[in-house]
Amino acid sequence: GAVVSQHPSWVICKSGTSVKIECRSLDFQATTMFWYRQFPKQSLMLMATSNEGSKATYEQGVEKDKFLINHASLTLSTLTVTSAHPEDSSFYICSAREAGTPEQYFGPGTRLTVT
Amino acid sequence: AQSVTQLGSHVSVSEGALVLLRCNYSSSVPPYLFWYVQYPNQGLQLLLKYTTGATLVKGINGFEAEFKKSETSFHLTKPSAHMSDAAEYFCAVSGGQNAGNMLTFGGGTRLMVKP
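Residue numbers (the numbering used here), protein chains in the order written: chain A, 6 to 120; chain B, 2 to 116.
For reference, chain A alone in the conformation it holds in the complex (with noise of 0.2 Å):
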């Protein structure tokens, strides 16, 4: 149980593009997503946290037009980078979280590849 997908696993896109990434809870139902951000060799980064229906919550420094978040429902959270440019080029990967948990699961993550 407890099981996190992201998509694509990987994308290339060119600079100036806007690349869509998916995040869905395939067990169980995830009131609060959390999007990170992780460079090579570092820990992760904190970029936004969702709760589904409401509008996401950005961390300081993260630009909110830029990295758009969309929690529509309670198995799907959606991070769309808008204009991507080569230093948006990251590992990116989302968790999950049910209600009344305390633990978040994770998705395999994507690496986010722009030209």
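No lab work stands behind these hints: they were computed from the structure. Incorrect hints may have been included.
BS3-like cross-link-like pairs, simulated, lysine-lysine; straight-line CA separation at most 30 Å [stated by the list, open to error]:
| # | chain 1 | residue 1 | chain 2 | residue 2 |
| --- | --- | --- | --- | --- |
| 1 | B | 59 | B | 69 |
| 2 | A | 46 | A | 71 |
| 3 | A | 60 | A | 71 |
| 4 | A | 60 | B | 50 |
| 5 | A | 60 | A | 25 |
| 6 | A | 69 | B | 69 |
| 7 | B | 70 | B | 59 |
| 8 | A | 25 | A | 46 |
| 9 | B | 69 | A | 46 |
| 10 | A | 46 | B | 115 |
| 11 | B | 115 | B | 59 |
| 12 | A | 71 | A | 19 |
| 13 | B | 50 | B | 69 |
| 14 | A | 46 | B | 50 |
| 15 | A | 25 | A | 71 |
Selected chain A positions facing chain B (in silico; Cβ < 10 Å) [unchecked claim]:
| # | residue |
| --- | --- |
| 16 | 11 |
| 17 | 13 |
| 18 | 14 |
| 19 | 111 |
Reference excerpt, derived from the structure (chain B facing chain A, CB under 7 Å, subset only) [to be verified]:
| # | residue |
| --- | --- |
| 20 | 31 |
| 21 | 33 |
| 22 | 43 |
| 23 | 44 |
| 24 | 45 |
| 25 | 47 |
| 26 | 106 |
| 27 | 109 |
| 28 | 110 |
Note that CB positions come from ideal geometry on N, CA and C, so glycine has one too.
Once you've looked at the hints, dock chain B against the given chain A.
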């Protein structure tokens, strides 16, 4: 506010030897503590967690950790390392239910297992 410090960004042990990965935390409220493992180009897998109750918690793959409030520590141990244990390990803390269960991660420790 909360923070996590993982002492030793790299730890190397021989196969069959004791694994000890150190984690110290600070938290203004009773913490929830977690250990996650990350294999290359993958998401994070929950190894174990402490919320309340017994301070020695057992997780998957033979790992265990002990919550020591007086030392603000949550070190991860395994009696005998396997080659398959080579990975990146992250300690994380959350402020419990009152903090929205947001995780703060340590910098990670890369465990290397020598044959």
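Now for the hints, and whether the structure bears them out:
no., hint, in the structure
1, B:59 - B:69, "holds, 15 Å"
2, A:46 - A:71, "holds, 24 Å"
3, A:60 - A:71, "holds, 15 Å"
4, A:60 - B:50, "holds, 29 Å"
5, A:60 - A:25, "holds, 17 Å"
6, A:69 - B:69, "violated, 39 Å"
7, B:70 - B:59, "holds, 17 Å"
8, A:25 - A:46, "holds, 24 Å"
9, B:69 - A:46, "holds, 28 Å"
10, A:46 - B:115, "holds, 20 Å"
11, B:115 - B:59, "holds, 24 Å"
12, A:71 - A:19, "holds, 16 Å"
13, B:50 - B:69, "holds, 13 Å"
14, A:46 - B:50, "holds, 24 Å"
15, A:25 - A:71, "holds, 12 Å"
16, 11, "holds, 7 Å"
17, 13, "violated, 13 Å"
18, 14, "holds, 9 Å"
19, 111, "holds, 4 Å"
20, 31, "violated, 12 Å"
21, 33, "holds, 5 Å"
22, 43, "holds, 5 Å"
23, 44, "holds, 4 Å"
24, 45, "holds, 4 Å"
25, 47, "holds, 6 Å"
26, 106, "holds, 5 Å"
27, 109, "holds, 5 Å"
28, 110, "violated, 10 Å"
When the structure is compared with the earlier hints, violations turn up for hints 6, 17, 20 and 28 and for no others.
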